[in-house]
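With the hints as extra help, turn the sequences into a complete structure.
Single-letter residue listing:
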Amino acid sequence: DIQMTQSPSSLSASAGDRVTITCRTSQSIYSYLNWYQQKPGKAPKLLIFGASNLQSGVPSRFSGSGSGTDFTLTISSLQPEDFAAYYCQQSHSVPWTFGQGTKVEIK
Amino acid sequence: EVQLVESGGGLVQPGGSLRLSCVASGFTFNNYWMSWVRQAPGKGLEWVANIKQDGSEEYFVASVRGRFTFSRDNAKNSLYLQMSSLRAEDTALYYCARLSEFQPYYYAMDVWGQGTTVTVSS
Numbered sequence: 015d016i017q018m019t020q021s022p023s024s025l026s027a028s029a030g031d032r033v034t035i036t037c038r039t040s041q042s043i044y045s046y047l048n049w050y051q052q053k054p055g056k057a058p059k060l061l062i063f064g065a066s067n068l069q070s071g072v073p074s075r076f077s078g079s080g081s082g083t084d085f086t087l088t089i090s091s092l093q094p095e096d097f098a099a100y101y102c103q104q105s106h107s108v109p110w111t112f113g114q115g116t117k118v119e120i121k
Numbered sequence: 013e014v015q016l017v018e019s020g021g022g023l024v025q026p027g028g029s030l031r032l033s034c035v036a037s038g039f040t041f042n043n044y045w046m047s048w049v050r051q052a053p054g055k056g057l058e059w060v061a062n063i064k065q066d067g068s069e070e071y072f073v074a075s076v077r078g079r080f081t082f083s084r085d086n087a088k089n090s091l092y093l094q095m096s097s098l099r100a101e102d103t104a105l106y107y108c109a110r111l112s113e114f115q116p117y118y119y120a121m122d123v124w125g126q127g128t129t130v131t132v133s134s
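Chains as they are written, first to last, in our numbering: chain A, 15 to 121; chain B, 13 to 134.
Worth flagging that the hints you see were computed from the coordinates, not collected in a lab.
There may be inaccurate statements among the hints.
[Said to hold, decoys possible] Below, in silico cross-link-like pairs of lysine-lysine (BS3-like), each with a Cα-Cα straight-line distance of 30 Å or less: (1) B:K55 <-> A:K59; (2) A:K56 <-> A:K117; (3) A:K121 <-> B:K55; (4) A:K117 <-> B:K88; (5) A:K53 <-> B:K64; (6) A:K53 <-> A:K117; (7) A:K59 <-> B:K64; (8) B:K88 <-> B:K64; (9) B:K88 <-> A:K56; (10) A:K56 <-> B:K55; (11) A:K121 <-> A:K59.
[What the hints assert, rightly or not] Facing chain B, according to a computed beta carbon distance under 8 Å, are these residues of chain A, among others: (12) A57; (13) V108; (14) T111; (15) G115.
Source: prediction; values computed, not measured.
Don't be surprised by glycine CBs; every beta carbon is placed ideally from N, CA and C.
Below, the structure is given as structure tokens:
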């Protein structure tokens, strides 16, 4: 199985900050990497597919990059509605796996 | 409106069975692979299974092999998860999700239901 390691597991930031979350995989997954946002009590929401492609309707302050084993989700200017948990997920091979999540909290 | 609605969750004893349903609306259900994803209380997301448009292929996490059965009824726009031999570690919020192929072989879960809760406890 492909192991996913997200870091940090949590972070505190202020509105307007630039935030970066990383996801490392145990083997190359090319660009088969998706990012999801989950707010408390809500279902996950797709943000980024194929490592760097912004899902329709997602604000442009979100961006993804990387390929192979190292990936990054960046929020260029954190907004109040962005405080949530973020998960990476690989779709390269079954079993699909998620990172353990990164909780973005208000500083 | 594109929507997925799960149902069928509840409290069940260890070793028991439960059938979850997911009804789709607002899109052509039989055009899409579908997924089940679960989330244990206070924990992260765990992929459970993918089911092909016609139900002819399925892929699932090893921990449910021989205990969970996946099916769909495209005439009813419905996805099913038959769970048996349930264990405490199956306790979770179960989501169904639509799989979209954004580029060839690039799949992601782009529509999610609200989830249905399964609690396995005596």
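Hint by hint, here is what the structure shows:
no.	hint	verdict
1	B:K55 <-> A:K59	holds (17 Å)
2	A:K56 <-> A:K117	holds (14 Å)
3	A:K121 <-> B:K55	holds (22 Å)
4	A:K117 <-> B:K88	violated (38 Å)
5	A:K53 <-> B:K64	holds (29 Å)
6	A:K53 <-> A:K117	holds (10 Å)
7	A:K59 <-> B:K64	holds (22 Å)
8	B:K88 <-> B:K64	holds (16 Å)
9	B:K88 <-> A:K56	holds (26 Å)
10	A:K56 <-> B:K55	holds (14 Å)
11	A:K121 <-> A:K59	holds (23 Å)
12	A57	holds (4 Å)
13	V108	holds (4 Å)
14	T111	holds (7 Å)
15	G115	holds (5 Å)
Taken one by one, the earlier hints fail for this structure only at number 4.
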